[in-house]
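**Q** The task is to assemble the complex, starting from two chains supplied on their own in separate frames and drawing on the hints.
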Amino acid sequence: SQTIHQWPATLVQPVGSPLSLECTVEGTSNPNLYWYRQAAGRGLQLLFYSVGIGQISSEVPQNLSASRPQDRQFILSSKKLLLSDSGFYLCAWRPTDRGNSPLHFGNGTRLTVT
Amino acid sequence: AQRVTQPEKLLSVFKGAPVELKCNYSYSGSPELFWYVQYSRQRLQLLLRHISRESIKGFTADLNKGETSFHLKKPFAQEEDSAMYYCALSGISGNTPLVFGKGTRLSVIA
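Those sequence lines, one after another, are chains Y and Z.
Per our numbering, the first sequence starts with residue 1, numbered consecutively.
Per our numbering, the second sequence starts with residue 1001, numbered consecutively.
Bound conformation, chain Z alone (with noise of 0.2 Å):
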């Protein structure tokens, strides 16, 4: 079964301080994981995801297979950081459903 664990509902940072949202699967075959972002009053959408190996808006994550996490982290948080967080797994088969962690609504504080 495909399982994520976002350990942090909420996670408050000052601006310019480096942020990390913690992101733990679990899934038997091989993972395609992604990170989607939700600020507010806007649609869900993706931020990244580990087979693009790249940097979004300052953010990068990596996936660590031995230790099933693919945390994301920005060294210096800015104010527009502030939203909501989703990280999500697949199975590599584009027929396998996308499941969700919890998510982590992350505030930057000025």
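So here's chain Y without its partners, still in its complex pose (with noise of 0.2 Å):
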């Protein structure tokens, strides 16, 4: 069965400081990936998504990005945290195949920028 890993849990980092969250499935082969960020009274925001390694779409201007070195391995990176980075981040996979084919959820990471 396919499984999603995502960490760490909870990240408290001061502002200016890098930021590094990375997310792996396993069981299946070439997922389309996902980084949404969840706050309050903006629900869940799309960052970036990627078709397959090293395809990386952007969704929102920002001060975050992504990568996927590898088939299952996705990452969201920062070099200078702000304070407006905090939040909920998730990751999520799905099939390729199909666009009716339902997200599956990390349990995402709750980063705290001081």
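Keep in mind the hints are simulated off the structure, nothing from the lab.
C-beta atoms are modelled at their ideal positions from N, C-alpha and C, and glycine is treated no differently.
Misleading hints may appear alongside valid ones.
Stated by the list, open to error - In silico SDA-like cross-links for lysine to any residue, where the CA-CA straight-line distance does not exceed 25 Å:
1) Lys1102(Z) - Asn100(Y)
2) Lys1015(Z) - Arg1003(Z)
3) Lys79(Y) - Pro14(Y)
4) Lys1102(Z) - Leu46(Y)
5) Lys1102(Z) - Ser86(Y)
6) Lys1073(Z) - Ala40(Y)
7) Lys1057(Z) - Asn100(Y)
8) Lys1102(Z) - Gln45(Y)
9) Lys1009(Z) - Gly87(Y)
10) Lys1102(Z) - Ser65(Y)
11) Lys1022(Z) - Ala39(Y)
12) Lys1073(Z) - Asn100(Y)
As the list claims (entries may be wrong) - Rough simulated footprint, nothing fancy, chain Y against chain Z, three-plus residues with beta-carbon under 8 Å:
13) 1020-1027
14) 1036-1045
What the hints assert, rightly or not - Pairwise CB distance ranges, derived in the manner of DEER restraints:
15) Ser1093(Z) - Val12(Y): 38 to 44 Å
16) Ser1107(Z) - Gln13(Y): 31 to 37 Å
17) Ser29(Y) - Arg1043(Z): 18 to 24 Å
18) Gly1029(Z) - Gln62(Y): 24 to 30 Å
**A** Okay, structure coming up:
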């Protein structure tokens, strides 16, 4: 069966420090991968998605970047964190074959920038 | 561009009352519509999708292309239905992103 792992679960970082959140999927190949940010009143905001290794689509211009160095690995990064980067970050995957395939979410990372 | 609108941030109903969570969408192609639910302290999970045409936990949702809506309904709300509900939209290709609405918090009062 397929599983998705996301870590760390919580993170407290000072302003200006770098960020690296990692997400891996097991039990499937060539998944579509997604990073979302969940915030009260803003719902689930799509940040990045990837349909293959090295292919990243950015939905919202911001202080963050994403990379997909391996088929089932998706990384969310920042060189210098801002206070506004605080939030709950969710990684998700779904099969590439059909648009009606559901998303499967990780447990999320609670990021607090101080 | 894909857009999903959930006009209600919070919906409170009494136990046993009917529930309707509204969702409207904007998309130029053929849409795939979903409802996701997040219960307290749990992972976000799929509730239902329009292509399945099934009832999950008593909830149903009908895609109305004329009104571009995909409202979630349940005839008799239960306390365990209290959760955050998100409507989501994708294109028919698996490579199109899944875009979510801002969510509606449903509170069922005993």
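**Q** Please go over all the hints and tell whether each is borne out by the structure.
**A** Hint-by-hint comparison with the structure:
Between Lys1102(Z) and Asn100(Y) the alpha-carbon distance is near 20 Å, which keeps this suggested pair within the 25 Å criterion. Distance restraint check for Lys1015(Z) and Arg1003(Z): the Cα-Cα separation of roughly 32 Å exceeds the 25 Å cut-off, and the hinted pair is therefore not satisfied. Between the alpha carbons of Lys79(Y) and Pro14(Y) the distance comes to roughly 12 Å, so the proposed pair stays at or under 25 Å and holds. Between Lys1102(Z) and Leu46(Y) the CA atoms are separated by roughly 11 Å; this keeps the pair inside 25 Å, and the hint holds.
With a C-alpha separation of about 18 Å, the suggested pair Lys1102(Z) and Ser86(Y) falls inside the 25 Å cut-off, and the hint holds. Note on Lys1073(Z) and Ala40(Y): the hinted pairing holds, with a Cα-Cα distance of about 23 Å set against a maximum of 25 Å. Using a Cα cut-off of 25 Å, the hinted pair Lys1057(Z) and Asn100(Y) holds, with the two alpha carbons roughly 20 Å apart. For the proposed pair Lys1102(Z) and Gln45(Y), the alpha carbon gap of about 8 Å is at most 25 Å, so the pair holds.
With a CA separation close to 19 Å, the supplied pair Lys1009(Z) and Gly87(Y) stays within the 25 Å bound. For the hint linking Lys1102(Z) to Ser65(Y), the alpha-carbon distance of about 23 Å falls within 25 Å, and the restraint holds. Of the pairs offered as hints, the one joining Lys1022(Z) and Ala39(Y) holds, with about 20 Å between alpha carbons and a cut-off of 25 Å not exceeded. About 20 Å separates the Cα atoms of Lys1073(Z) and Asn100(Y), which keeps this hinted pair within 25 Å; it holds.
For the segment 1020-1027 of chain Z, the proposed coverage by chain Y is not satisfied: 0 residues have a C-beta within less than 8 Å of a C-beta in that chain, short of the threshold of three. Counting residues of the segment 1036-1045 of chain Z whose beta carbon lies closer than 8 Å to any beta carbon of chain Y gives 4, which meets the minimum of three for the stated coverage. Checked against the hint of 38 to 44 Å, the pair Ser1093(Z) and Val12(Y) passes, with Cβ atoms roughly 39 Å apart. For Ser1107(Z) and Gln13(Y), the Cβ-Cβ distance of about 33 Å falls inside the hinted range of 31 to 37 Å, so the restraint holds.
Taken as a hint, the range 18 to 24 Å holds for the pair Ser29(Y) and Arg1043(Z), whose Cβ atoms sit roughly 23 Å apart. In this structure, Gly1029(Z) and Gln62(Y) meet the distance hint of 24 to 30 Å, their C-beta atoms being roughly 27 Å apart.
Checked against the numbered hints above, the structure violates hints 2 and 13; every other hint is satisfied.
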